[in-house]
Amino acid sequence: MRLSDEEEAMLAGEVGAARQWAIKHQIAVGGFFDAPDFVRVGQAHVMADTESLGETGVAWLEDLAALPKDQRLVRIPTITDPRGIDLACYKRLKQTDAMADIEARAIVAFEALGVLMTNTCINYQTILPPVRGEHAAFGDTGVVIYANSVMGARSNFEGGPSALSAGFTGRTPRYGYHLDAHRIGTRHFVLHDQPRDLADWGALGGIVGRATNSYWHVPVISGVTSTPSSDELKHFGAALASFGSVALFHLVGVTPEAPTLAAAFYGCAIPKATAISADDFAAFYAGFAAPSEKVDVVVFAAPQLSLLELQHLAGLIAGRRIHPATSLIVATSPEIKFAADRMGLTRRIEDAGGIVAAGVCFYQMYAREMAQANGWQRLLTNSAKLVNIIGGYGYQPTLASMERCIDSAVAGRIL
Amino acid sequence: MAILLKCHKGIGPAVTGFALVAPDNFSARYDLDRLEGRFSRPTHKLYLQSFLDKILVLQTAKGGVASAWMLREMAARNKSPKAIIFDRANTILAQGAAFANLTMVDRFVDGDPTTLIRTGDELQVEPDAGLVTILNRDG
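If you're matching them up, the sequences are chains W and L in order. Residues 10 to 424 in our numbering are what the first sequence spells out, letter by letter. Residues 1481 to 1619 in our numbering are what the second sequence spells out, letter by letter.
Think of the hints as simulated: they come from the structure by calculation, not from any bench. One or more of the hints may lead you astray.
Below, a list of computed lysine-lysine pairs in the BS3-like style, where the Cα atoms sit at most 30 Å apart [claimed, not checked]:
#, chain 1, residue 1, chain 2, residue 2
1, W, K103, L, K1489
2, W, K33, L, K1486
3, L, K1559, W, K33
4, W, K303, W, K103
5, L, K1525, W, K33
6, L, K1489, W, K303
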């Protein structure tokens, strides 16, 4: 990689151990992907829940935090993805004090590095949305795909160590979705049936993701007959990234790099389209179906809920009561939780027996240990991303609309 | 004469070990019981198989940025594969390998390594040279 004088100084350790480690790490990654040089980034977003970090990762962060202040501070705005513990409600979820203790250590270390504890995977809705053409180093695959596709920003999937490196150096290796060459559509899907709600949009992301199945392919979707909302594209992108490891999509007539079908392929030949029909949606749902089974836990998360999702959920559940053998958990960002408290939405959900947790996301919350402590196995959600992830933690997941999830939570079985 | 497979220059030290192969993908968060050291996702083709000290040979990486932390954490507990060979890695797994100093290579000249390498093959992986050698079979 070509290095500027400033980058050479970082590599030589002239600006401290943290920046030296960071640029060495970035050069190793950039070399793997044949990056020619670095590109400056405007923001970094760090995924670093303590289940992923483990004791090793937290101790590593604490070593960085012990450096002199002029060496340890990030140099661009650096924010965090959801945490593993909401200290306000972890005991209700039967999470342990040991989990809370390691979480507290991680927070202290991150704050010493100058990282803002936003604890959100919907920063593009709540913190500082990137603008078209802005280079970023975002963690959380859902954040990356939304920023790239809906906003026209430029980021690769940046794991926690790499995003933190970008915070220290203010740049990232120039490869993948920072380059025009990788933003050209490579697959074409045409809708013959329209998604109707958030779960359907997630299902569509799952269908396209399974068919695409590569970080290095860019699916183009045509045939959408109305403009989706931010929340619908949030669920679509999160599922597409989760099922397919996809970091960029173009939705013809909607997303900024796809005003037309031809534009989505940057003038290159348009591949033969794969049709997506009502049968494909039905088959996707059927793969997770468990009619009439007892439901242990109903989860609304992955991604965290927006204020409008919380409003809809509160409207569906107000005045009803969750079945005593069923738990209902909602995850949102700290900013949205504050707004939901202020507007009475949290109270309506919790009066019905639900828990509204802030700054966390379900699968990042020691999901296996929570399942064991609470006796949970059958999980119901309207998040296609979550049904894709959570099976590995020992759950049996089912996907349904928010309305069916609430009705099932009240009944205690899947309706 | 062993079989030589040329690939892109990789990450991590040269290692030798035995292959565990599947035409499937990989995520440390989605697919693994990291405490037990085995695949835990029921739909994964390596479900319930141990990955400890194996050289995993898989097609690609799935979504989930957590793997970048998890590979190092697994290595610290001696609950990690010896190396991972992909047909095509994504950014997260490459970043995780760099962070953990785990051996990883991808992009083979002769095609998908899950069709070139068999479970139980003894492999030598040399990331700096961009070379994987199947030691137990003749070319």
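So, going through the hints one by one against the coordinates:
no.: 1; hint: K103/W / K1489/L; in the structure: 46 Å, violated
no.: 2; hint: K33/W / K1486/L; in the structure: 26 Å, holds
no.: 3; hint: K1559/L / K33/W; in the structure: 26 Å, holds
no.: 4; hint: K303/W / K103/W; in the structure: 21 Å, holds
no.: 5; hint: K1525/L / K33/W; in the structure: 36 Å, violated
no.: 6; hint: K1489/L / K303/W; in the structure: 51 Å, violated
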